[in-house]
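Protein chains: 2
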Amino acid sequence: MATTSALTHRAFRLVSRPQGALKDTDLKLCVEPRPVREAGQLLMRNLYLSIDPTHRIWMSDKPQYMPCVELGDIMRSASIAVVEESDDPVSYAVGDHYVCFGGCCEYFVGIPGANVLYKADGVAGLLPVTAELSLCSLIIGLTAWHGVNKILCPDSKSVVCVSGAAGAVGSLVGQLAKLKGATVIGIAGGEEKCNWLKKDLSFDHVVDYKAAPGGNVEQALASIVSDVGPITHYFDNVGGATSDAVLLHMALNSKYALCGSISEYDDNWSGQKNFNMILMRRICVQGFICTDHVDELNQVRTELAQLASEGKIQYKEDIREGLENYPSTLRLLMTGSNTGKLILKV
Amino acid sequence: MATTSALTHRAFRLVSRPQGALKDTDLKLCVEPRPVREAGQLLMRNLYLSIDPTHRIWMSDKPQYMPCVELGDIMRSASIAVVEESDDPVSYAVGDHYVCFGGCCEYFVGIPGANVLYKADGVAGLLPVTAELSLCSLIIGLTAWHGVNKILCPDSKSVVCVSGAAGAVGSLVGQLAKLKGATVIGIAGGEEKCNWLKKDLSFDHVVDYKAAPGGNVEQALASIVSDVGPITHYFDNVGGATSDAVLLHMALNSKYALCGSISEYDDNWSGQKNFNMILMRRICVQGFICTDHVDELNQVRTELAQLASEGKIQYKEDIREGLENYPSTLRLLMTGSNTGKLILKV
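Just so you know, the protein sequences line up as chains A and B, in that order. Under our numbering, the first residue of the first sequence is numbered 701, with each subsequent residue one higher. Under our numbering, the first residue of the second sequence is numbered 701, with each subsequent residue one higher.
Just chain A, same shape as in the assembly (with noise of 0.2 Å):
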């Protein structure tokens, strides 16, 4: 393994696009010069890296919503990270916590406003710093609650549906729209996380879409949606089989907010071959991005660190360790063997 001086430090940097899963030689583990930092610049060292989804598309060079991750180029990540020098110590104090977009690194020079976003202090310390990445986050907090209060907005008649229902995304979706009174059907991958969602966190329905391969979630949908009615809203984080499955259960004029279809990154772009009934059913699809939305991320952050540290919500973490572990720990999510949202801890 690299080994790190006093005067180096470790960073992943991509080496080559992936074809399909992610392979390890696709980053390179490199030990290089800590980068210096410049006058009115912070010198910033990664806690905890946010793993998610997203981070397969950038390494693509597909049409993309932000610039893709340049080959040679650390890889981009979330993260939280210390400050360890700093010229203005009121405002950014050496030892203080922040969400960074800090990157697959030991190091990196931190400039506010750019790459150093806002103080991670646990949403004024109601709940663990990592709450930063794994629920009041732009990636995690601001998407499922966008997605439910500014797209969907379900109330108490509606049949939500989540995809990657015990994703992060996914399982704050179902929980958001349970506060707004709406029968939730999650789908999700195996009986563990399926337990998890009915039992812990009180979804109405779950489908485990491991459980039976070929046809198995239209069908479990049928029966559902015999049961409770039609899907009035749906949240989509998975693509693929499992929405082409959805489309066929959704109501007239439903609404089909559109989040993420991790199971395509790994180059697996079926698209939607159902896309036809979005006419059938007069259903209105809206693609959204958390970035387009930070002026709601104050607003979101207290209001769900309030809502968890009441119990009316609930999130996982897995913390996994060893910044030498990020493809590994990467390819749990495109394989969905993580359960809660993953972290990698430098």
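Quick caveat, the hints were computed from the structure, so don't treat them as lab data. Some hints could be false.
Given that identical chains are not distinguished, each listed pair holds provided it fits within a single copy or across any two copies.
Unchecked claim - Subject to a maximum C-alpha distance of 20 Å in a straight line, what follows is the list of computed DMTMM-like cross-link-like pairs (lysine to aspartate or glutamate):
hint, residue 1, residue 2
1, 878, 761
2, 819, 995
3, 973, 944
4, 723, 761
Got chain A; can you put chain B on it based on the hints?
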């Protein structure tokens, strides 16, 4: 050929669900007793049938926006029909023309408000009676008008793209968008259609999808948008590969009105492989069907008749003759072999 006596009439009944392209044997031209009206009902004789892509959907048993046509039933069709018998000569005088859902047959029992919709007066005499099917109609005029004015809402800064641009709906969409000052890109098949759009209808750009197969639409659009900017509004009549190409060139926060997907109706349900662009570009896709918006029909008929009579919009009709030619006439539509609104004179 089947012939009729004074007491019989001819009617096309659906006898098998087409697999792929419609075959003559999927329909049966029956000579059968002329239907007999009861008191209060009308006896109607069809003059013109409206031949529309949606006929192919109605023939299938896929999930759809109306009940499918049952096997053994007379094929559904909008039509202009004349009153032959009536008990109410004030409201429904013998000899008057009505827009109906008359079906693919010669005679039918008319029930006002059910299958007899409203008087076909060429919208107060401004236009020939066939304009009631080709322009000022539920299926054509309302569809185009609603998509442009209620869903897309383009303005002078918009880049509007329409697929199936030389069709009855598509050509109207482009002209309505031009009236709003938008830059209009039409996608159509064949030189003659493209010339009509460009020279007669003043479309700003046309893409001939038949001109060079294999990526041609995507490349042609790439060249156009490098000039006029990305597509801010898309009106889709075609689906499939055409719309996948369009999706790659849509703007951030753009709108997609999903009206139809004729390329798929002959059982090519490929859907949209580039569905993920809805996420990447934060597109809003709205499926819609004219039958949901009949409350707008009177306004639309008046407005379109006025525009056409003033020469501000143009429309084409392709009138074929003979009920017995219904299957081959519908096939013309599915292969894009017609020019303008396809009508079958009974």
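Verification of the hints:
no. : hint         : in the structure
1   : 878 with 761 : neither (38 Å within a copy, 36 Å between copies)
2   : 819 with 995 : within (16 Å within a copy, 54 Å between copies)
3   : 973 with 944 : both (6 Å within a copy, 12 Å between copies)
4   : 723 with 761 : within (16 Å within a copy, 45 Å between copies)
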